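Each chain is listed here by its residues.
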Amino acid sequence: NAGVTQTPKFQVLKTGQSMTLQCAQDMNHNSMYWYRQDPGMGLRLIYYSASEGTTDKGEVPNGYNVSRLNKREFSLRLESAAPSQTSVYFCASRFGQGVPQPQHFGDGTRLSIL
Amino acid sequence: DAKTTQPNSMESNEEEPVHLPCNHSTISGTDYIHWYRQLPSQGPEYVIHGLTSNVNNRMASLAIAEDRKSSTLILHRATLRDAAVYYCILSKGGGGSNYKLTFGKGTLLTVNP
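For the record, the sequence lines run as chains F and Z.
Residue numbers for the first sequence follow our numbering, beginning at 9 and rising by one.
Residue numbers for the second sequence follow our numbering, beginning at 1254 and rising by one.
Treat the hints as calculated values from the structure; they're not laboratory data.
Be aware that one or more of the hints could be misleading.
What the hints assert, rightly or not - Part of the chain Z face toward chain F, derived, beta carbon under 8 Å:
#1 I1327
#2 R1330
#3 S1344
What the hints assert, rightly or not - Listed next, the in silico DSSO-like pairs over lysine-lysine satisfying Cα-Cα at most 27 Å (straight line):
#4 Z:K1256 to F:K22
#5 F:K79 to F:K17
#6 Z:K1256 to F:K17
#7 Z:K1353 to F:K17
#8 F:K65 to Z:K1353
As the list claims (entries may be wrong) - Residues from chain Z shown here face chain F by an in silico Cβ test under 8 Å; the list is partial:
#9 Q1295
#10 Y1340
#11 L1354
#12 G1357
This one's a predicted model, so the numbers in the text were calculated from it and none came from an experiment.
Glycine included, each C-beta is placed from N, C-alpha and C at the ideal position.
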């Protein structure tokens, strides 16, 4: 199984450009998450989708939008990229019901904004 | 949300046990204790979680204090591959909006050959 797949793995943007980060999972999970990780820091939650058709803001949602396209896919969009959004972005998913199930993470998208 | 406190870094020797501590003095009765680790240049990886009782799996053991104000992740025989940042995280049980993970800076574990 591929697990959680993120594309692209690396990207360089200019300030003001827009971009969509893609995430797909093949584990039939209900919940999906987007995090960012800045150097030397832990992960911070940007947005999450507890189930298909719902999305909610996390800790740092400003400057981002998300779309839960279907059960498998959860995309993150930067409408007008800023240097402060230079970071590593991780997508995660989990089954999402009952006793806590672990989150499964992708390998990340390394995004640089010049 | 209840917070956790972990040492910034720890060192161990290969093939020796490692005890990674975590303090969570404001934990509530419904908070689960989760441990994740992050190897260099990878996404976090689930290690173990528990509520009240000690837990074992193929990767590690989780020892939870009787008052639940602290816990310890135990790696029984450290290998070089265990060198990573280890995160201790509290989260509510169940699904939906209650289940979110808040990552701190974690403990950087160095394993010496």
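| message | Does K17 (chain F) sit within 27 Å of K1353 (chain Z), going by the straight-line distance between their CA atoms? | response | Within the cut-off at roughly 25 Å; holds.
| Given G1357 (chain Z) as an interface hint, is the shortest Cβ-Cβ distance to chain F below 8 Å? | OK, holds: G1357 (chain Z) within 8 Å of chain F, min 5 Å.
| 27 Å limit on alpha-carbon distance, applied to hinted pair K65 (chain F) and K1353 (chain Z) | 11 Å, holds
| query | Taking the least C-beta to C-beta distance, is Q1295 (chain Z) closer than 8 Å to chain F? | reply | 6 Å, holds
| query | Hint check: is the beta carbon of L1354 (chain Z) less than 8 Å from a beta carbon of chain F? | reply | OK, holds: L1354 (chain Z) within 8 Å of chain F, min 6 Å.
| task | Take a quick look at whether K79 (chain F) and K17 (chain F) sit within 27 Å of each other, Cα to Cα. | result | Distance ~22 Å between K79 (chain F) and K17 (chain F) Cα, so the pair holds.
| Is K1256 (chain Z) within 27 Å of K17 (chain F), Cα to Cα? | 32 Å, violated
| query | Do the alpha carbons of K1256 (chain Z) and K22 (chain F) lie within 27 Å of each other, as the hint requires? | reply | Violated, because 37 Å separates the two Cα atoms, which is more than 27 Å.
| query | Against chain F, is R1330 (chain Z) within 8 Å by beta-carbon distance? | reply | 23 Å, violated
| Taking the closest Cβ pair, is I1327 (chain Z) under 8 Å from chain F? | 18 Å, violated
| request: Could you check if Y1340 (chain Z) really has its C-beta closer than 8 Å to a C-beta on chain F? | output: 7 Å, holds
| Would the hint on S1344 (chain Z) stand, with a C-beta cut-off of 8 Å toward chain F? | 7 Å, holds
Consistency with the previously given hints fails for numbers 1, 2, 4, 6, ordered from lowest to highest.
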